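Peer 1: Chain order of the listed sequences is W and X. For the first sequence, position 127 matches number 127 in this note's numbering, and the numbering has no gaps at all. For the second sequence, position 119 matches number 119 in this note's numbering, and the numbering has no gaps at all.
Read the hints as simulated data drawn from the structure, not as lab findings. Keep in mind that this is a model prediction, so the values were computed, not measured. The C-beta atom is built at its ideal place from N, Cα and C for all residues, glycine as well. Any given hint could turn out to be false.
Said to hold, decoys possible - Which stretches of chain X does chain W cover? Using the computed rule of at least three CB atoms under 8 Å from a CB of chain W, they are:
(1) 27–40
(2) 259–265
(3) 274–288
Stated by the list, open to error - Straight-line Cα separation of at most 20 Å, EDC-like style, residue types lysine to aspartate or glutamate; simulated pairs:
(4) K269/X <-> D28/X
(5) K247/W <-> D284/X
(6) K12/X <-> D284/W
(7) K269/W <-> D244/X
(8) K247/W <-> E278/X
(9) K226/X <-> D67/X
(10) K12/X <-> D139/X
(11) K220/X <-> D196/X
(12) K75/X <-> D14/X
(13) K247/W <-> D268/X
(14) K247/W <-> D42/W
(15) K247/X <-> E278/W
(16) K220/W <-> D194/W
(17) K247/X <-> D139/W
(18) K269/X <-> D244/W
(19) K12/W <-> D284/X
(20) K226/X <-> D194/X
(21) K212/X <-> E183/X
(22) K247/X <-> D215/X
(23) K247/W <-> D139/W
(24) K247/X <-> D42/X
(25) K247/X <-> D284/W
As the list claims (entries may be wrong) - To list a few chain W residues with every Cβ distance to chain X over 10 Å, as calculated:
(26) L5
(27) D160
(28) V218
2 protein chains.
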Amino acid sequence: MTSALDLLSSVKTDFRSLARILTYVENDLPMAAMLLRSLQPDLNIPVIGVTGPPGAGKSTLINALIDHLAAGGNKVAVLAVDPTSPFNFGSLLGDRIRMAEQFTRNNVFIRSLATRGSLGGLSVKTIEMVDVLRAAGFDQVIVETVGVGQSEVEIAGLADVTIVVLVPGAGDEVQNMKSGVMEIADVFVVNKADRDGADAAVANLERMVHMKSLDVPVFKAVANRKEGIAPLAAYLTSPHPHADTRKLALATEKAWKLIAARRMQSIDKQQLRRALHEAMQLPDFNLYRFAAQYG
Amino acid sequence: MTSALDLLSSVKTDFRSLARILTYVENDLPMAAMLLRSLQPDLNIPVIGVTGPPGAGKSTLINALIDHLAAGGNKVAVLAVDPTSPFNFGSLLGDRIRMAEQFTRNNVFIRSLATRGSLGGLSVKTIEMVDVLRAAGFDQVIVETVGVGQSEVEIAGLADVTIVVLVPGAGDEVQNMKSGVMEIADVFVVNKADRDGADAAVANLERMVHMKSLDVPVFKAVANRKEGIAPLAAYLTSPHPHADTRKLALATEKAWKLIAARRMQSIDKQQLRRALHEAMQLPDFNLYRFAAQYG
Numbered sequence: 001m002t003s004a005l006d007l008l009s010s011v012k013t014d015f016r017s018l019a020r021i022l023t024y025v026e027n028d029l030p031m032a033a034m035l036l037r038s039l040q041p042d043l044n045i046p047v048i049g050v051t052g053p054p055g056a057g058k059s060t061l062i063n064a065l066i067d068h069l070a071a072g073g074n075k076v077a078v079l080a081v082d083p084t085s086p087f088n089f090g091s092l093l094g095d096r097i098r099m100a101e102q103f104t105r106n107n108v109f110i111r112s113l114a115t116r117g118s119l120g121g122l123s124v125k126t127i128e129m130v131d132v133l134r135a136a137g138f139d140q141v142i143v144e145t146v147g148v149g150q151s152e153v154e155i156a157g158l159a160d161v162t163i164v165v166l167v168p169g170a171g172d173e174v175q176n177m178k179s180g181v182m183e184i185a186d187v188f189v190v191n192k193a194d195r196d197g198a199d200a201a202v203a204n205l206e207r208m209v210h211m212k213s214l215d216v217p218v219f220k221a222v223a224n225r226k227e228g229i230a231p232l233a234a235y236l237t238s239p240h241p242h243a244d245t246r247k248l249a250l251a252t253e254k255a256w257k258l259i260a261a262r263r264m265q266s267i268d269k270q271q272l273r274r275a276l277h278e279a280m281q282l283p284d285f286n287l288y289r290f291a292a293q294y295g
Numbered sequence: 001m002t003s004a005l006d007l008l009s010s011v012k013t014d015f016r017s018l019a020r021i022l023t024y025v026e027n028d029l030p031m032a033a034m035l036l037r038s039l040q041p042d043l044n045i046p047v048i049g050v051t052g053p054p055g056a057g058k059s060t061l062i063n064a065l066i067d068h069l070a071a072g073g074n075k076v077a078v079l080a081v082d083p084t085s086p087f088n089f090g091s092l093l094g095d096r097i098r099m100a101e102q103f104t105r106n107n108v109f110i111r112s113l114a115t116r117g118s119l120g121g122l123s124v125k126t127i128e129m130v131d132v133l134r135a136a137g138f139d140q141v142i143v144e145t146v147g148v149g150q151s152e153v154e155i156a157g158l159a160d161v162t163i164v165v166l167v168p169g170a171g172d173e174v175q176n177m178k179s180g181v182m183e184i185a186d187v188f189v190v191n192k193a194d195r196d197g198a199d200a201a202v203a204n205l206e207r208m209v210h211m212k213s214l215d216v217p218v219f220k221a222v223a224n225r226k227e228g229i230a231p232l233a234a235y236l237t238s239p240h241p242h243a244d245t246r247k248l249a250l251a252t253e254k255a256w257k258l259i260a261a262r263r264m265q266s267i268d269k270q271q272l273r274r275a276l277h278e279a280m281q282l283p284d285f286n287l288y289r290f291a292a293q294y295g
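With the rest of the complex left out, here is chain W (with noise of 0.2 Å):
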C-alpha cells in the first residue's frame, strides 16, 4: 500500500495518485483526514464554478473552455458535481457528448462526483476534493453543478467566480430563479446564441445587471461550434479586483461547513434515539421542544 507521503509527494505529477487521493476523500477512508491536514492547496488557482438549469449545455460549454485554456498550456482539472452530467462517465459511455477526447490529454483531469449523500455530505465532499485540486499544480479548477435548487446557491459558496449558463428563449425559467442566480452569478454566459432571440436574451440580463447596479458580464457563445469562448477565457482568467475580500469570505464559508458536518457528526445517534423512546411516550410530546432542550 502507498504510504500518504508518497502520495502527497507525487500528486502533482501523477494523476493515479491524484485519483487515489480524490477516491480516499470522497469515500471518506481513514487516510482522507490526515491528507487534508497534510496539503498545501493554492488558494491562487481559480475556482471557476459552472452552474444553470439542465440542457444549458454546461459540459459543452466547459468542454469549450477545456480545449481553449489546454491550448494556451493550461493545466485544467473539472469536478463534475452532478449525476446527469455528460462528464459522469455513464453518460459519457452513452456517448451523448463526445468527451472522450478530453480524458486522452495529459493537462485535463476529470473527476465526477456523485451527489448521492446526507445532509450537508455533498458540499464538505466538494470543498474537499477541490481543495486536493488546488494541491496538485492546476492552472485552473472548474467546478459544474446542475442549477436546481440548493445547489446553485452552495457553488457560490465554492467557487471563486461563478458562470451561470442560460439558454436564449428561457425566460420564464430566468424569472423563476431570478433572485438566486443574480446573486450568485459573477458572469453571464448565453450559450446557442445562434438560436432566436439570443439578442434579447443578452439584452435582458444586462438590463437586470444594471437595474441592481452589479458588475457581472455578460457573454454569448455557441459552446458546441466553440464560438465565443476566447473573451469568456479571458475574462475568467484576468485578476479580479475583490478577490481578496472574496477569498476570506469563502474561507469562512468553507470553515463553517466543515464545523458544522463535525458538530453534526458528534451527535449520538443511539443515545438520542433512547432519548427519544422515552419522551415519545409522553402525551403532550413536542419534538420541537425536545430538540431545543436536546444538548
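Let chain W serve as the given structure and place chain X on it in line with the hints.
Peer 2: Below, chain X without anything else, positioned relative to chain W:
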C-alpha cells in the same frame, strides 16, 4: 395581526390559517419557532413520500391518488418539494399539466416549497411544514420530491412510506440509482404501464426486490388515465407491521436534523471570519487543521 393562538386554534378548519402558519415556518418568521413548539402533530397520520426521476409522472400519479382518496372521503395535503413540480404555481400557469381542479376542492390542500436554501435548510423546512400539516387534521400527507441526488435519501428520513415511481424502459436509470433506490423504496410504481416493456420492468423490479429479500410491492399504473390507483391507495392506507419501529427511526432522524441545524446556527460567522483572517496570514495555513481546532 392574528395571534399565534388564533392561528393554531383554526388550523384544522381554515386553509387560510394553515397557509399562514406554513408561510411563517417556510420563511423562518419570528412566530415560527413558537408555533412549532405549540403544535400537536398527529403522528398517526401517514406521510407518503413520492420520489423518482424527472418525467416518471410523479405529479400525475399524485393527482390520481388525490382524486381517489378524496372521493373516498379523505382530506389530503400535498407538499411539493421541487421547483420543477407541476404543483408549483409557476409551472401550473404554464399549463404543463391540468391540476387546477384540485385547487378548488375543499378537502385537498396543495403547497409547494422552493428548494432554495443553504446546507440542511431544505430538510428542516420540510420536516417542519409536514408537522404543521399533520396538526391540521388531514388523513394523508403526500410529499413529492424529485429523485435526483440527495433528495431521494432525505425523503426516506421523513416519510412513513416512500413510493418510488419509475417508467418502463428506464433500465439504465434503475441500474444507476439501484443501490440508493432499493434502500429507500417501500413501494415501487411502474407508471405509464401502457408503454412497451411495462411487464418486463415490473418483473425486473420484483426480481431485484426478491434478491434482497425485501417486502416491497411493485404496482403498475397509468396515472394520466387513473388506472391502477385503487390497489396502490388500498396498500398505502392499510396498517403496516413495522409502523412503530419506523416511527421511532423517523423521529430520531428528524430530531437529529433539528439539533444539527441548531448547532450549525450557533456558529458565529463574524467571529469565525476574524479568526480566519488572522490564521490565513500564516504561511502554513490549512483549512482542515483550522476547522478541527475551532471551538
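Peer 1: If a hint holds in the structure, say so; if it does not, say that too.
Peer 2: Tested hints:
no.: 1; hint: 27–40; result: holds (count 6)
no.: 2; hint: 259–265; result: holds (count 5)
no.: 3; hint: 274–288; result: holds (count 7)
no.: 4; hint: K269/X <-> D28/X; result: 19 Å, holds
no.: 5; hint: K247/W <-> D284/X; result: 16 Å, holds
no.: 6; hint: K12/X <-> D284/W; result: 18 Å, holds
no.: 7; hint: K269/W <-> D244/X; result: 18 Å, holds
no.: 8; hint: K247/W <-> E278/X; result: 13 Å, holds
no.: 9; hint: K226/X <-> D67/X; result: 9 Å, holds
no.: 10; hint: K12/X <-> D139/X; result: 12 Å, holds
no.: 11; hint: K220/X <-> D196/X; result: 13 Å, holds
no.: 12; hint: K75/X <-> D14/X; result: 13 Å, holds
no.: 13; hint: K247/W <-> D268/X; result: 18 Å, holds
no.: 14; hint: K247/W <-> D42/W; result: 12 Å, holds
no.: 15; hint: K247/X <-> E278/W; result: 13 Å, holds
no.: 16; hint: K220/W <-> D194/W; result: 9 Å, holds
no.: 17; hint: K247/X <-> D139/W; result: 51 Å, violated
no.: 18; hint: K269/X <-> D244/W; result: 18 Å, holds
no.: 19; hint: K12/W <-> D284/X; result: 18 Å, holds
no.: 20; hint: K226/X <-> D194/X; result: 12 Å, holds
no.: 21; hint: K212/X <-> E183/X; result: 10 Å, holds
no.: 22; hint: K247/X <-> D215/X; result: 18 Å, holds
no.: 23; hint: K247/W <-> D139/W; result: 17 Å, holds
no.: 24; hint: K247/X <-> D42/X; result: 12 Å, holds
no.: 25; hint: K247/X <-> D284/W; result: 16 Å, holds
no.: 26; hint: L5; result: 16 Å, holds
no.: 27; hint: D160; result: 15 Å, holds
no.: 28; hint: V218; result: 23 Å, holds
The structure is inconsistent with hint 17 alone, although it conforms to all the rest.
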